[in-house]
Structure formats: structure tokens, C-alpha cells
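Residue numbers (my numbering), protein chains in the order written: chain S, 429 to 838; chain D, 429 to 838.
Among the hints, erroneous ones may be present.
Since the list gives no way to pick one copy over another, a pair counts as held whenever it fits inside one copy or between any two copies.
Dumping the calculated DSBU-like pairs for lysine-lysine here, alpha-carbon to alpha-carbon at most 30 Å [what the hints assert, rightly or not]:
hint, residue 1, residue 2
1, LYS816, LYS644
2, LYS589, LYS673
3, LYS742, LYS816
4, LYS789, LYS533
5, LYS478, LYS696
6, LYS672, LYS478
Source of the hints: derived by calculation from the structure; they are not laboratory data.
There are 2 protein chains.
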Amino acid sequence: MGHELNIGLITIGAELLNGARTDTNAAWIGQSVIPVGGNVVWHMTVNDDKSSIESALDNLPQHIDIVLCTGGLGPTHDDITPTVLYQYFNAEPEFDEAYWQILTKKFAARGRVIPESNRNQAMKPNVGDVIPNPVGSARGLHFSNDDYELFAMPGVPAEMKSMMNNTVLPWIDEQSNHETFVTTWRTTGIMESVLFERLDPILNNHPHVDIAFLPKFTGVDLRISSDDQSSMTAFLAEAEPIVKKYHFGDEDTELEDAVGSILLETGKTIATAESCTGGLIGDRLTNVSGSSSYFKGGVVAYSNAVKMNALNVKKTTLDAHGAVSEETAIEMARGVRKYLDADMGVSTTGIAGPTGGTDEKPVGLVYVGISTADYEKVYRFTFTPHRKTNKLMSSQAALNITRLYLLNGA
Amino acid sequence: MGHELNIGLITIGAELLNGARTDTNAAWIGQSVIPVGGNVVWHMTVNDDKSSIESALDNLPQHIDIVLCTGGLGPTHDDITPTVLYQYFNAEPEFDEAYWQILTKKFAARGRVIPESNRNQAMKPNVGDVIPNPVGSARGLHFSNDDYELFAMPGVPAEMKSMMNNTVLPWIDEQSNHETFVTTWRTTGIMESVLFERLDPILNNHPHVDIAFLPKFTGVDLRISSDDQSSMTAFLAEAEPIVKKYHFGDEDTELEDAVGSILLETGKTIATAESCTGGLIGDRLTNVSGSSSYFKGGVVAYSNAVKMNALNVKKTTLDAHGAVSEETAIEMARGVRKYLDADMGVSTTGIAGPTGGTDEKPVGLVYVGISTADYEKVYRFTFTPHRKTNKLMSSQAALNITRLYLLNGA
Chain S
429 MGHELNIGLI
439 TIGAELLNGA
449 RTDTNAAWIG
459 QSVIPVGGNV
469 VWHMTVNDDK
479 SSIESALDNL
489 PQHIDIVLCT
499 GGLGPTHDDI
509 TPTVLYQYFN
519 AEPEFDEAYW
529 QILTKKFAAR
539 GRVIPESNRN
549 QAMKPNVGDV
559 IPNPVGSARG
569 LHFSNDDYEL
579 FAMPGVPAEM
589 KSMMNNTVLP
599 WIDEQSNHET
609 FVTTWRTTGI
619 MESVLFERLD
629 PILNNHPHVD
639 IAFLPKFTGV
649 DLRISSDDQS
659 SMTAFLAEAE
669 PIVKKYHFGD
679 EDTELEDAVG
689 SILLETGKTI
699 ATAESCTGGL
709 IGDRLTNVSG
719 SSSYFKGGVV
729 AYSNAVKMNA
739 LNVKKTTLDA
749 HGAVSEETAI
759 EMARGVRKYL
769 DADMGVSTTG
779 IAGPTGGTDE
789 KPVGLVYVGI
799 STADYEKVYR
809 FTFTPHRKTN
819 KLMSSQAALN
829 ITRLYLLNGA
Chain D
429 MGHELNIGLI
439 TIGAELLNGA
449 RTDTNAAWIG
459 QSVIPVGGNV
469 VWHMTVNDDK
479 SSIESALDNL
489 PQHIDIVLCT
499 GGLGPTHDDI
509 TPTVLYQYFN
519 AEPEFDEAYW
529 QILTKKFAAR
539 GRVIPESNRN
549 QAMKPNVGDV
559 IPNPVGSARG
569 LHFSNDDYEL
579 FAMPGVPAEM
589 KSMMNNTVLP
599 WIDEQSNHET
609 FVTTWRTTGI
619 MESVLFERLD
629 PILNNHPHVD
639 IAFLPKFTGV
649 DLRISSDDQS
659 SMTAFLAEAE
669 PIVKKYHFGD
679 EDTELEDAVG
689 SILLETGKTI
699 ATAESCTGGL
709 IGDRLTNVSG
719 SSSYFKGGVV
729 AYSNAVKMNA
739 LNVKKTTLDA
749 HGAVSEETAI
759 EMARGVRKYL
769 DADMGVSTTG
779 IAGPTGGTDE
789 KPVGLVYVGI
799 STADYEKVYR
809 FTFTPHRKTN
819 KLMSSQAALN
829 ITRLYLLNGA
């Protein structure tokens, strides 16, 4: 199974310490190294000054094989990181004429003359190496000493990711000679504790498989990993029937992607009638490229007048049961389906919060309705009274009800 | 001006290192300590094991006055952090009978008997102190030695923030006897470089004032800070007229909050006709509690049929100019205003991407229309062809056009 490599991460920048920017690079790097046999065991964030960067390098723990640095490596002159690293690794900067020519041509292609101030981007170390930057002009740096290899990359996420994917991850993969098989199953509509109870017996049969349960407001992600491919395959095969109903996709798949794929396959169209979600379901459906082939559109029916005029909800229904009711939800779903000539209508009506509840209808109460030519149903939920989270959970419920109907017909 | 305190931050948890969770606590803490005279100068993330936590404490840089720890301090038995901290600060756990009674009553109030396993939550150190937890049951820990004071808090953001706001920040404030005045001005519709050019001359007149420019896809936030209140006041007074048009709110205010406030003040109502944004403008408007008093609702007009049937866009308009055109945008805004009986209609139609462009109408092209009884206008933008970002930028433009019309009447 080879050798797993210990990685130390140093993120550089005052904006990370003073909170002007949230460090999203660290989590991305932490995840991305696992499949190729790396493991971030230590992470330090420091200011971009000489003593802070040197101190981070001096204080690396034992048994670090690779140091990844991000930040402080941009196109501006005042980035101190390269200077510190050149000194720390006893390297001298050399002018890289070939790369300067490439930069000059890039500028020329845009009809511009390259400023002399860009010459620092064409420097390279006499020992060590540069990391190509496929999406920017500032290249990364690669140094090594007796203890570890160091890769320094810009803090701009797109540039860092590009260097990781093209240079650093393949390098780690080759060095580690160790593979970890990782997949993320995304689930919705089931609680973490119930998932755990159901999967635990299977997990006990597969000691080489690990699961991390990652709960979110919209569901639980399962990060399943193993060093042994056949254990992994066997576990996934046994687990699949147990979570099938809740497992809507893998890795970065969103629920709207899953719903969109099924709508495309089945050739069905959908329309939305949103009250408490305010347009969020439509927003999510249209995050998917190509959604115009199955999403007809929707009505955001925030006022009762709109519910009646556009969606044909009966005044007697609103008077007798209220806007937040099973009866209104079903008339909204039916109304929008007919009005926009779709195969399927989906509706939400609820009290998103934080105010507006009564004893009978508490804040957080949400109805989701679904209507087709031969099937109608309403679901009742009580979600959190935190407004934005309530909307998110309601949209998730509506999309999942849609998914399950399309898959199972009920 | 007192003494600014240097803060070291230790975030504990394997889930932060392996990327299962993005560390959002660090940025929140980095920001929150500045106004009370603190400054995060060092941040380390470690696994929740004894040697990693001890090593972080052993490797603190010189001149650290306060150490803040988050994570590894929950209601479960296997959290190692308290054990390590008790040992590190030579403290012994004592059973806190008074707190145990409080916990027992909390459970009783929910009709439950407190499990014996919760007794560990009622332990407190014989030296040092506990930090009350207003929103959970696991209390924080406060220790000190000759060099620094240490505050350990749970990693759950709501619990950490509550402890910071109620105990730690007031404590820092008192110790530091130093205030930094900080305000964030949120702007939209102007580029960072232009903002910089306009503000730089004023900034040069106020050497005690600093600005951090924080660009986002939807605008640029200005974090303005000073140790001197009169410099700050003078700077803000001079800067305000220059950024007035773009400055929609302060601190955490969203553009939809600003638009909502103006709609409430003016008593106007609004309706949306969304094509490329798919419901996002409605979603954002309804993120604001109380929006039902000014937001009538909207039509998500993804198909041409809906544009014609619900919004009364003329077939001849669609045939002659296309769905993505100035003419369609204006008919959509007018149509939804009339259909939903609102004072104001706002529309979007565009090519959000990543595909669907032509030479004449490139991917990213977006029209935003606005219609009232006596005013109509269309704005043309070319935003990024990245779909979700394009939608976000389009919704921001539509809300900002609404804001400027409501403020200036054009």
C-alpha cells in the first residue's frame, strides 16, 4: 500500500489573520491530497513578513514530508514570500529569458507592451524549480532540503488549484506510491443518527473502510474512504440498497443537478409556485446549465392576490384554511402546472420566520405540494425558524419530493 | 491609546485539517477582536490529540498576550482538549454541584432525567475558571500562566460566538484599554481601482486611517479602521460624498436589506420578472423579514410561452429582437408590474452561460429592465459566463438599479 506522506500547510497573509478573508484554500487542499496519498497533519497561518514566515518553517513538526505554502506570491513587488524562501533555501534568483519571452508575447497578443516592472515574474531560482501557472502569470516555487519538499503557490484559489491539479498532486501521487479511495455520497431526507445506525453493521464487516458523517442543513454527506479498493467496492455495494432512497448524488452533485438529470431522461417539464421560498427553488433549478429544456418557469406568489390571480387559488380556500395550509399548497401546485403548461407543479407555502407564527401554525411550518395530471400530494414540515435556513431546507424538501416522485411515481 | 493585545489562535480538529469542514471561526475571531484592541498575529490548526495540542502551546511565539482555542470541547466524552488543558495548566477537575443542578433542571423542564454521562459537563478546574455557555451545555475554560491568558471554547460557531460576545471580548476590551474604530462600508457598481483612485487623496490627509479594499463579485467592501476617533469621523465625512452613490450599507447589510428599507420608507411595492436569474432576485428580496409588505411576488419566465402568456411580452417583440433584448426586458418589467399590480417592475433576461452565446449576443450578456407608471429604462451588462456568478451579478445589478431609482427617481 505504499507510504502515506505527512503534509504541513502554511497559509500566508494578514487578511487571513485579521479575518478580512475566510481561508477556503486550506479545506480544499486538505481534501485534495487524500486520494493521492497525502495527509495534512499541521497547518499554520502567519503574516506575510520575514520573521513570521521563517518562524513557521523553523517550527515545522517532525516527520513532515511536504510543505505546501499558499499566499504572498502574486504579481506585485511587495510580496515578501519569494525573497524569504530564496534565502531560506540558499537559492539565487536568475532571470528566465525564455519565460520573459512568453510573457512578452502574451502582452503583445493583447496589443500591449509588457511593463519592465513585470520582470520579477520571470525570475527563477538557481536551485529548486518553478511551478507552472496555467491560469496566471506568477509562477510557484519548489524547493527541497534534507527533511522535506516545499511547494509555494499563490493564494488566489483558481491559481492555487490549477498548480495543485497540474503539478503538485501528480507529484505527491508519484512519491507516495499510496492510494486512498475516496467517494462522497450525498444524502438528504434522513438524519445522521439514523444513517449511522443503518450503516454501522455493514461498516463493522469492512474494517478497512472509514466513513465521515458530515451533516448540513440540507442533508448528510458521507465521506467514504479506504486504502483497499476491493473492500471499498464491497462496502459500497452493500451500503447502496440501504441508503438508495436518500442518496441523490456523489461528490459535488447538487440536488438540483440530480432532479435535472431525471427530468431530462424522462422528458418531463416542471413549474414552481413559491411562497415562503420566494424564488429559491427556481434559482436552484436554473443553476443547472440546460435547465431551460425542462423548467418552464414559476410564479413567486408572495401575496394572496397573486395566489388567486396567477395560480387560481380559490378565495374560499384562503379564507377557510389560510395561505399556509395543505389546501392552499395543493391548489398552488395544480395552478402553476396548468398555468405554465407543465407536466408537474411544485409549491411551497410556509412561515419562514423569524416572526409570524401562531399556536396552531408555528414559525417554521412549511407545506410542499406536488401536482401532476394524475397525482397530487402535500407534505408538512416543521423546520427551523431561522429564515434563510428555513428557505433552504424547504427548497431542499421540494426538490427531493420531486426527485422521489420522478423515480418512484409516488 | 492603551495597549494592543497580541492574540494567538489555536483551532483544534481533524475535520479542519482533512478539509471535511472549512474553518469559518478563524475569520470571525480575527475580525471580532480588532474593535476591542486585540490582534490575531498567529494561528495554528492541529489534530485533537494530546501531543498536537501540547506542541501548539509549546510553540507559541513570543509576546502573545492571549491564546484563544476553539474545538475539541463538546458534550462527548472523547474530547481530549479539556484533559490536555487541565494537565498543561496544573489544574484538577472539581465537580460543580451548582452547575449540575442547573443542568438537571434544564432536562427536567423538558420532562427528561439527565443521564449520568453528562456529569463531565459539570466539572470545573480548581485553578482557572469556566466560561458560561448561553446557548449550549458545554462550558469553556479560562486558564492563565506567567505569559498569557488562555480561553478554550467549543468549535460550534453559535456557541463560540456567544462565549466571545458575552465573556471573552468584554474581557479583552477591559485588559487592552485600547480601542480601534472599525466600520465596513459596502459598495456596489464601482471597480476597486476606481474607488482607490478616488479615496487615496483623502486617505493621504488622514494618516491615522487605514482602508482594506475587499473585492467580491457583487461589489467592494471597504474596511475602514483607525485608532483615533476624530480622524475616523473626519475621514468618513470627507469620503461619504465621493462613494455615496455606491455605498449601500454598513457591516453585514445586504443590498436586499437596503432596498427593502427604502421600499418600506417610501411605501412602494415591487414585482419581479426573472428570466436568466431564475428566481434569485425574489429569493434575495424574501431573505428580508417583513418583505411581504413590499414584495408582491414575481414571475420566473424561463420559456417564451411564459413571457408571452404571463407577462404579455409581444410575440412580434420576441420574433424581431429575441428573448435576450432591450425590448423584451422592458416588456417583461412592464408586464409584471401591471400583472401583479405593483408600483415597480424589475426584469432580467440574459445568457447566463456557460453556453448559448452568439457573436452578436455573447455569453454573459444581461439586460435589466425597470418599469414604473412614469419611468422605464433598460441597462445592458456583460458579466462573466460562469453561470452562478453571472446570476449573482445580474441580481445585484437589478437590486442596485432599483435602489438608485428609489433614491434618485432615475
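### Ascending list of hint numbers which this structure does not respect
2, 5, 6
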